[in-house]
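Participant: From first to last, the protein sequence lines are chains A and B. Using our numbering, the letters of the first sequence map in sequence onto residues 1 to 247. Using our numbering, the letters of the second sequence map in sequence onto residues 1 to 247.
The hints are simulated quantities; they were obtained by calculation from the structure and are not laboratory data. Hints are not guaranteed to be accurate.
The list treats identical chains as interchangeable, and a pair is accepted whether it falls inside one copy or across any two copies.
[As the list claims (entries may be wrong)] Simulated crosslink set (DSSO-like; lysine-lysine; CA at most 30 Å straight-line):
1. K216 to K200
2. K145 to K187
3. K89 to K216
2 protein chains.
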Amino acid sequence: MTVKAIVFDAYGTLFDIQSVAAVTDEAYPGYGEVITQIWRLKQLEYTWLRSLMGRYADFWAITQESLAYTLDGLGLDHDRSLFDRIMDKYCHLELYPDAKQALTALKNYRLAILSNGSQQMLDDVVRNSGLASILEAVISVDSRKIFKPSPEVYELIQTELGVGPHEVLFVSSNAFDVCGAKNYGLKVTWVERVTAQALKREIGGNVAVRPATMFKALRMRMEPFGFDADFRVNSLAELPLAVAKAG
Amino acid sequence: MTVKAIVFDAYGTLFDIQSVAAVTDEAYPGYGEVITQIWRLKQLEYTWLRSLMGRYADFWAITQESLAYTLDGLGLDHDRSLFDRIMDKYCHLELYPDAKQALTALKNYRLAILSNGSQQMLDDVVRNSGLASILEAVISVDSRKIFKPSPEVYELIQTELGVGPHEVLFVSSNAFDVCGAKNYGLKVTWVERVTAQALKREIGGNVAVRPATMFKALRMRMEPFGFDADFRVNSLAELPLAVAKAG
Numbered sequence: 001m002t003v004k005a006i007v008f009d010a011y012g013t014l015f016d017i018q019s020v021a022a023v024t025d026e027a028y029p030g031y032g033e034v035i036t037q038i039w040r041l042k043q044l045e046y047t048w049l050r051s052l053m054g055r056y057a058d059f060w061a062i063t064q065e066s067l068a069y070t071l072d073g074l075g076l077d078h079d080r081s082l083f084d085r086i087m088d089k090y091c092h093l094e095l096y097p098d099a100k101q102a103l104t105a106l107k108n109y110r111l112a113i114l115s116n117g118s119q120q121m122l123d124d125v126v127r128n129s130g131l132a133s134i135l136e137a138v139i140s141v142d143s144r145k146i147f148k149p150s151p152e153v154y155e156l157i158q159t160e161l162g163v164g165p166h167e168v169l170f171v172s173s174n175a176f177d178v179c180g181a182k183n184y185g186l187k188v189t190w191v192e193r194v195t196a197q198a199l200k201r202e203i204g205g206n207v208a209v210r211p212a213t214m215f216k217a218l219r220m221r222m223e224p225f226g227f228d229a230d231f232r233v234n235s236l237a238e239l240p241l242a243v244a245k246a247g
Numbered sequence: 001m002t003v004k005a006i007v008f009d010a011y012g013t014l015f016d017i018q019s020v021a022a023v024t025d026e027a028y029p030g031y032g033e034v035i036t037q038i039w040r041l042k043q044l045e046y047t048w049l050r051s052l053m054g055r056y057a058d059f060w061a062i063t064q065e066s067l068a069y070t071l072d073g074l075g076l077d078h079d080r081s082l083f084d085r086i087m088d089k090y091c092h093l094e095l096y097p098d099a100k101q102a103l104t105a106l107k108n109y110r111l112a113i114l115s116n117g118s119q120q121m122l123d124d125v126v127r128n129s130g131l132a133s134i135l136e137a138v139i140s141v142d143s144r145k146i147f148k149p150s151p152e153v154y155e156l157i158q159t160e161l162g163v164g165p166h167e168v169l170f171v172s173s174n175a176f177d178v179c180g181a182k183n184y185g186l187k188v189t190w191v192e193r194v195t196a197q198a199l200k201r202e203i204g205g206n207v208a209v210r211p212a213t214m215f216k217a218l219r220m221r222m223e224p225f226g227f228d229a230d231f232r233v234n235s236l237a238e239l240p241l242a243v244a245k246a247g
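Assemble the whole structure, with the sequences as input and the hints as a guide.
Facilitator: Quick look at the structure:
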């Protein structure tokens, strides 16, 4: 493998989207978990639905739409300042605990992000998390007016970094993103944060399940589209060794 | 309103996709509800993801893929005959109890289905439910190799029935489908089967929620894309009167 650039998905891969639960639960005690999960699930849906309708809106607008859907659907009142306070967390998401160390260990490669996020929200969260100096480029899909997993989006890596698909290792924990990147022709590492065994134990045979468990069941296993990841790690901490092994 | 044709969405609007729970729970006692919900949520996701990747597969294949994802994700073993038995329910879905009477009351209009389903699975479920003689046409998106809510799909009504968008009333309980049809330019009735109030009561402030409740929260409220339905009913039983009033 002649990898020159390692390109990361942002939300759910480097940045823990579950970390919004701190603000959603503070705003609506007892509802934090269900808000957090529905918000994220609808956010992704809206990227796909708007792309398919030919009605692109940027990821900040979509993140607002999906939060509005979530609060309205749950019958939770909100005013502008509360809404904005919750939204602001998207500019201050926590990094996964092993993210910075993994990126630092890979600093001999060209490192970048390719994300659905708008340029502004990506720049904000990258700066606020202290990753700005480690990353060569933060690439937003916004210039293409379509979202992952459209092949048009992954092409931006070549356009922006000037490297061919075979010189890129793409890293994502989002299975649909793994499939999209493979479909375009990149080498891909899937960060498999939830194994099938762990999920099975968590669901058990329970009649009711926690919204966070439902989220895992919906979003954290591989989609069976016939695109297998080239590499699989269980956390970002394993990535440097996996890259070294792959040569 | 000079409506000539009333065109229905199939799955979730005329046919109760929740009626698969009878077979999923028989096959996997205690897991019927969670299988049913994840299966349907992933089925829709896959229509969007495959459309966006430019990797169309017909709805029968997608329904198989989403069932496989669901069972594998939950760690549930399956052999070919069990899998096929569950899939077969998609050709024998129950009608909503008020569907046939509503369609019969509207028989002075040209009546049709426009659905994501493949032609074969639609023809099967229409015949098995006794709707074949009531419907003039059963239109599958399959000829366009893309799924709802792409505008290309809604154009099939004009192609197949020879009526203009202003002469069509489209009826769907799926909010993304309502938005897609409005985006294309049809008049649309939304069958709002779950109100915000009912959903709020059902969710309460519970830590764990039933998968069916999570499904309702994710799929049964209007998407905030700025496309409002022209008419709203709470059940198909209300449709004939609503159509008569709209003139």
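Participant: Please go over all the hints and tell whether each is borne out by the structure.
Facilitator: Okay, the hints, checked on the actual structure:
1. K216 to K200: Answer is both: 11 Å inside a copy and 23 Å across each meet the 30 Å cutoff.
2. K145 to K187: both (24 Å within a copy, 27 Å between copies)
3. K89 to K216: both (21 Å within a copy, 26 Å between copies)
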